[in-house]
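Undergrad: The whole structure should be built from the sequences, with the hints applied where relevant.
If you count the sequence shown from 1, you need to add 50 to reach my numbering.
Just so you know, the hints here were simulated from the structure itself, not pulled from any lab data.
Beta carbons are placed, not taken as given, at the ideal position from N, Cα and C, and that holds for glycine.
Some hints here could point you the wrong way.
Stated by the list, open to error - Straight-line C-alpha distance at most 20 Å; calculated EDC-like pairs for lysine to aspartate or glutamate:
no., residue 1, residue 2
1, Lys88, Glu69
2, Lys88, Asp77
3, Lys88, Asp78
To be verified - Just the calculated beta-carbon pair ranges, DEER-fashion:
no., residue 1, residue 2, range
4, Thr101, Glu69, 29 to 37 Å
5, Lys88, Ser65, 19 to 27 Å
6, Thr66, Ile93, 17 to 25 Å
7, Ile93, Phe71, 32 to 40 Å
8, Gln67, Ile95, 17 to 25 Å
9, Thr66, Arg91, 14 to 22 Å
10, Ile93, Arg72, 21 to 29 Å
11, Thr101, Asp81, 33 to 41 Å
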Amino acid sequence: MLEQIKIGRYCCAPSTQIENFRPLVGDDLIDELLELAKDLRDIRICHINATPFGGGVAEL
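TA: Quick look at the structure:
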């Protein structure tokens, strides 16, 4: 089961590490994604939705 991370006050989202996908997609793809992700380090995204569990209008 995926680790639950708290988001806001009322809901949680599943979380996993990218390394868990290495056996499925291979080393080359994971290494490329990790390299591309370096530019995004320390960036935060705020997801605002009209409902806590989806189905509403969302902004990122």
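Undergrad: Now tell me if each hint is right for this structure.
TA: Comparing the hints with the structure gives:
This hinted pair checks out: Lys88 and Glu69 have alpha carbons roughly 15 Å apart, not beyond 20 Å. Between Lys88 and Asp77 the alpha-carbon distance is near 17 Å, which keeps this suggested pair within the 20 Å criterion. Using a Cα cut-off of 20 Å, the hinted pair Lys88 and Asp78 holds, with the two alpha carbons roughly 16 Å apart. Look at Thr101 against Glu69: about 32 Å separates their beta carbons, and that is inside 29 to 37 Å.
Range check, Lys88 to Ser65: Cβ separation about 20 Å, and the 19 to 27 Å hint holds. In this structure, Thr66 and Ile93 meet the distance hint of 17 to 25 Å, their C-beta atoms being roughly 20 Å apart. Look at Ile93 against Phe71: about 21 Å separates their beta carbons, and that is not inside 32 to 40 Å. Range check, Gln67 to Ile95: about 18 Å between beta-carbon atoms, so the 17 to 25 Å window is met.
Checked against the hint of 14 to 22 Å, the C-beta distance between Thr66 and Arg91 comes to roughly 19 Å, which is consistent with it. For Ile93 and Arg72, the hinted distance range of 21 to 29 Å is satisfied, since their beta carbons lie about 23 Å from each other. Range check, Thr101 to Asp81: Cβ separation about 37 Å, and the 33 to 41 Å hint holds.
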